[in-house]
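What follows is the residue order along each chain.
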Amino acid sequence: MTVVASSQQTQEAGSAALAEGAGPARPIKVVAILCNWCSYAGADGAGTARLVQPYGFRVVRVPCTGRVDPLLVLKAFEKGADGVLISGCHPGDCHYSEGNYYARRKFELLRRMVPHLGIEPERFRYTWVSASEAARWQEVVTTFLAGVAALGPREGRAL
Amino acid sequence: MSDRQEIIRELAREALAEGRVDYFLGWGQGYDASQNIPVFVREVTDVDRLQWNPLCHHNLTVFLKRKMPDPPDARIGVCVKGCDSRTLVALLQEGLVDRDRLYIVGVPCDGVVDRRKIDREFTGEVIGIEFTGDKVLARTAQGDSKEFDRTSLLLDQCGGCHYPNPRVADDIAGDTVPEPEGEPQWPSLAEFEALSPGDKAATLAAAFSTCIRCFACIHVCPVCYCWDQCVNRSRTPALVSQRVEKGENLMFQLVHMFHVAGRCPSCGACDRACPVEIPLYLLHEKMNKELYDMLRFEAGVDLEGKPVLQAFSLDDPFGEG
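Those protein sequences? They're chains H and X, same order as listed. Quick note on my numbering: the first sequence kicks off at 1 and runs consecutively. Quick note on my numbering: the second sequence kicks off at 1 and runs consecutively.
Isolated chain H, as found in the complex:
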């Protein structure tokens, strides 16, 4: 998978930030949870097409966004993630017909709960990227990581 940053790249990002003296000591950590059928393929397509993407995010491939328990996202935050991005098939295009319809209610509730836990709303996003939308994936991941990077690593967190 071409979009997964290598540890070397991550280290480079960290040392680059250190060298500039402005950024934080450690690079941001972002977890991207992608559904197998659409967004993972879309992200893969972005890599194949050599679209420039930021690094510093880890991809977790899941069979369907319907499988994503909101607690997995919260656990990622608890484990120290600075941002979590979920992406799946567009509603109506789910490989399993209705998985993302269930998911969308859960994610919307989660999106509203995240700021309540003292986590900036920019650190969580859920969206839909189809297998053919490599360019859209590039835009989604670039803007999301830029938003998280602007906030920097999480500090003084409750979760």
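FYI, nobody ran anything at the bench for these hints, they're computed from the structure. Keep in mind it's a predicted model, so treat the numbers as computed, not measured. Keep in mind that the hints are not guaranteed to be accurate.
Unchecked claim - Derived pair list, reagent style SDA-like, types lysine to any residue, alpha-carbon separation capped at 25 Å: (1) 29(H) / 243(X); (2) 29(H) / 41(H); (3) 29(H) / 241(X); (4) 289(X) / 120(H).
Said to hold, decoys possible - Reference listing, derived: stretches of chain H covered by chain X, where coverage requires no fewer than 3 residues with Cβ under 8 Å from a Cβ of chain X: (5) 74-83; (6) 96-105; (7) 118-129; (8) 150-158.
Stated by the list, open to error - Residues from chain H shown here face chain X by an in silico Cβ test under 7 Å; the list is partial: (9) 52; (10) 71; (11) 93; (12) 112.
Ideal Cβ placement from N, Cα and C applies to all residues, glycine included.
Fit chain X to the given chain H structure using the hints.
Using the frame of chain H, we list chain X on its own:
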């Protein structure tokens, strides 16, 4: 108030005498006149143990999730207030209790008194609480006594209650009480919601660092029922470890919150059960507020309804394009 008590006793007496129920679940006096505990009445001669007063805070439907399977054919009488009836509706919606084996006595509720608010008014040990009209007289073992207005002692969530009357019942104990009109409000959240993200995190960290993981909040919750498969006790998957630490403590509570999302009517049983007084309402009331905002959904209001996260609509108005 005592009228309702008489009616509850009379209904329980009839049900037991006619053999319609094997036992009857109600409220009764605890170890002294300031305490109220759940009471299981099995004999007609025992019905006078049943009480009704503003200390009857226990949500008795919690026993149904345990008692319904065992003994397998027991017929159970149970008293429910407005909020309790909503958890019962949530259990019925999911087919977790058998309606045919239940005899439900609905008790219209004028608000439940927060025992902890009374305790905070005294330095000594409160051993007696009497209710006369809208006045509450509390006295301590040390001979101290004070009189309060009942409304000033009500549980915080009673202030925002929209459903004081039971949503499901076979018999109603006395006249129903007027239900407030208008949109539901969550006044208790306003202060916390106004905080900055950093202050919210600091507040939650301080509040949840005291959790001792006693599981009281989970055991007392009527709609949290994965008894032997609770992920909070699980090592695989390890959502929560044995490590006692603020992040994991909050995670522990979030497991509870998300697992009852769409079925929790904020009866507040977890808040009252917490021995270290963690403000759990910050989580479950917020969740209910957002579900209402998202889908105009209120848990346990409609027997025909479905828990909101177990359903979907093609037209759900959210989700980024």
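Hints violated by the structure (listed by number, smallest first): Result: hints 9 and 11 break, sorted rising.
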